[in-house]
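*Asks:* Using the sequences provided together with the hints, build the complete structure.
Quick mapping for you: the protein sequence lines, in order, are chains A and B. For reference, each letter of the first sequence is one residue, going 0 to 145 in numbering that gives the first Met the number 0. For reference, each letter of the second sequence is one residue, going 0 to 145 in numbering that gives the first Met the number 0.
It is possible that part of the hints are untrue.
It does not matter which identical chain is used: a pair holds within one copy or between any two.
Here are the simulated EDC-like pairs of lysine to aspartate or glutamate, each with C-alpha atoms no more than 16 Å apart in a straight line [said to hold, decoys possible]: (1) 127 / 17; (2) 1 / 30; (3) 43 / 67; (4) 1 / 93; (5) 43 / 68; (6) 1 / 96.
Calculated directly from the structure, the hints in this document are not laboratory data.
Spelled out, the chains give:
2 protein chains.
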Amino acid sequence: MKLGRLNHIGIATRSIAESIAHYRQTLGAADITEPFDLPEQGVKVCFVNTPTGTGMDGTQIELIEPYDESSPINGFLAKNPLGGQHHLCFEVADIAEARDWFEGQGKRILGPTRIGAHGTPIFFLHPKDMMGQLTEIMETPKGEGH
Amino acid sequence: MKLGRLNHIGIATRSIAESIAHYRQTLGAADITEPFDLPEQGVKVCFVNTPTGTGMDGTQIELIEPYDESSPINGFLAKNPLGGQHHLCFEVADIAEARDWFEGQGKRILGPTRIGAHGTPIFFLHPKDMMGQLTEIMETPKGEGH
Numbered sequence: 000m001k002l003g004r005l006n007h008i009g010i011a012t013r014s015i016a017e018s019i020a021h022y023r024q025t026l027g028a029a030d031i032t033e034p035f036d037l038p039e040q041g042v043k044v045c046f047v048n049t050p051t052g053t054g055m056d057g058t059q060i061e062l063i064e065p066y067d068e069s070s071p072i073n074g075f076l077a078k079n080p081l082g083g084q085h086h087l088c089f090e091v092a093d094i095a096e097a098r099d100w101f102e103g104q105g106k107r108i109l110g111p112t113r114i115g116a117h118g119t120p121i122f123f124l125h126p127k128d129m130m131g132q133l134t135e136i137m138e139t140p141k142g143e144g145h
Numbered sequence: 000m001k002l003g004r005l006n007h008i009g010i011a012t013r014s015i016a017e018s019i020a021h022y023r024q025t026l027g028a029a030d031i032t033e034p035f036d037l038p039e040q041g042v043k044v045c046f047v048n049t050p051t052g053t054g055m056d057g058t059q060i061e062l063i064e065p066y067d068e069s070s071p072i073n074g075f076l077a078k079n080p081l082g083g084q085h086h087l088c089f090e091v092a093d094i095a096e097a098r099d100w101f102e103g104q105g106k107r108i109l110g111p112t113r114i115g116a117h118g119t120p121i122f123f124l125h126p127k128d129m130m131g132q133l134t135e136i137m138e139t140p141k142g143e144g145h
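*Replies:* Right, here's the structure in full:
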């Protein structure tokens with residue numbers, strides 16, 4: 000297992016619209032994607048693109064709003080009513096290999112491997128097995144290998 | 000105000016040594032800096048460098064351990080005994096200009112501008128004014144302007 004790119008950090012919010020206004024007006028974000036629904040995951044998301052020396056290809060900020068009453072984000076927002084940092088997502092070259100790696104270390108994986116917000120397979124690792132950090136592992140999108 | 004590079008995300012831990020072992024052994028991090036003390040800020044820190052297509056210049060993960068009993072990290076760890084995501088840090092070109100900008104928007108700044116872990120001036124914004132997100136603003140190190 001080799002640590003891959005830090006693809007995004009997930010930030011929970013009660014209102015994506017309000018978060019977008021905050022990132023644009025208060026923090027000066029210039030590039031935010033259109034929100035879209037991921038009903039199977041119970042979330043509505045969009046991405047704030049952040050700059051690097053070579054373009055808008057920095058680690059993204061994923062804004063996450065509950066999709067409905069059964070959203071897994073509701074528990075987080077009950078504890079953190081203003082929202083806040085929810086998870087980290089690292090890329091890997093091969094999702095099946097990564098799953099085997101973490102399982103072999105006895106780390107609890109939350110549910111099956113599924114398609115994430117970037118259209119590639121993902122899974123989540125239990126924060127209690129990851130030093131308090133809810134951790135998403137996603138396969139690097141094709142054509143963006145490092 | 001223009002959103003700058005996402006320099007690092009801060010992760011609180013009871014033990015930097017344990018976190019380093021976790022990042023190396025479980026997540027496969029190859030490049031972690033030596034821990035050092037920032038006694039004025041009540042913390043001991045080190046950085047996990049993350050890869051991008053052009054090198055180990057991705058958004059860093061700052062591991063943060065309390066320096067002593069009066070550390071501001073202790074309150075976070077009391078609520079999150081395993082540790083976890085603590086703050087985000089964005090770069091700006093000019094720290095004084097950024098301070099004026101946020102003050103002009105009525106955002107509470109936590110204490111004076113001071114020298115941060117990268118040797119450049121920083122300040123923190125109150126999470127209650129930043130949609131639940133403790134936010135650090137740091138001046139881009141000289142020679143690394145984007």
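*Asks:* Identify every previously stated hint that the structure contradicts and give their numbers, smallest first.
*Replies:* As far as the earlier hints go, not one is violated by this structure.
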